[in-house]
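Take these sequences, add in the hints, and give me the full structure.
Take the working numbering: the final residue in the sequence shown is number 883, and no numbers are missing along the way.
Treat each hint with caution, since some may be false.
Within a straight-line C-alpha distance of at most 25 Å, the following computed BS3-like cross-link-like pairs (lysine-lysine) qualify [to be verified]:
#, residue 1, residue 2
1, Lys861, Lys851
2, Lys851, Lys874
3, Lys851, Lys818
4, Lys827, Lys817
5, Lys817, Lys795
6, Lys818, Lys861
7, Lys874, Lys861
Okay, the calculated beta carbon distance ranges per label pair [as the list claims (entries may be wrong)]:
#, residue 1, residue 2, range
8, Pro844, Pro821, 43 to 49 Å
9, Arg794, Ile868, 33 to 39 Å
10, Leu802, Asp843, 19 to 25 Å
11, Gly840, Pro877, 38 to 44 Å
12, Ala820, Leu845, 30 to 36 Å
13, Cys876, Ser813, 44 to 50 Å
14, Arg857, Asp824, 29 to 35 Å
Since the hints were made in silico from the structure, they are not lab data.
The beta carbon of each residue, even a glycine, is placed where N, CA and C say it ideally should be.
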Amino acid sequence: MGVFWYDSTDLDADTEAGRKLRRDIALHGADAVDFPISNIPKKIAPVLDALKMIVPGSNSNDYDGLLDPLTFDEWKQYWPSRPSGKAPGMSGITCDMMKACPESLQRS
776 MGVFWYDSTD LDADTEAGRK LRRDIALHGA DAVDFPISNI PKKIAPVLDA LKMIVPGSNS
836 NDYDGLLDPL TFDEWKQYWP SRPSGKAPGM SGITCDMMKA CPESLQRS
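If you want it as structure tokens, here you go:
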């Protein structure tokens, strides 16, 4: 469990008001926020504007499934598209290592 840095609001709280505010920010950016009432610092308005949907006419249904786990077919398509010979990330695993893994290991 965590809290927002500016007012110690519980991050795990999932209220209808919070869901509505997130939807409104996605559609309208900082224009959706009444800063004094929501207790959000005005200085983060540029961040909220960057969060609004980029594609005109899009809606929240366009993003359904965005955070779903990858299918194995998506996983297999991803690795060949990655560049070879690059340094590993924090895990120490390179793209070359992932490309060389047998399918049975990738499935596990």
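Each hint, compared with the structure:
no.	hint	in the structure
1	Lys861 to Lys851	holds, 19 Å
2	Lys851 to Lys874	holds, 9 Å
3	Lys851 to Lys818	violated, 42 Å
4	Lys827 to Lys817	holds, 16 Å
5	Lys817 to Lys795	holds, 19 Å
6	Lys818 to Lys861	violated, 38 Å
7	Lys874 to Lys861	holds, 13 Å
8	Pro844 to Pro821: 43 to 49 Å	violated, 32 Å
9	Arg794 to Ile868: 33 to 39 Å	holds, 36 Å
10	Leu802 to Asp843: 19 to 25 Å	holds, 22 Å
11	Gly840 to Pro877: 38 to 44 Å	violated, 29 Å
12	Ala820 to Leu845: 30 to 36 Å	holds, 34 Å
13	Cys876 to Ser813: 44 to 50 Å	holds, 47 Å
14	Arg857 to Asp824: 29 to 35 Å	holds, 32 Å
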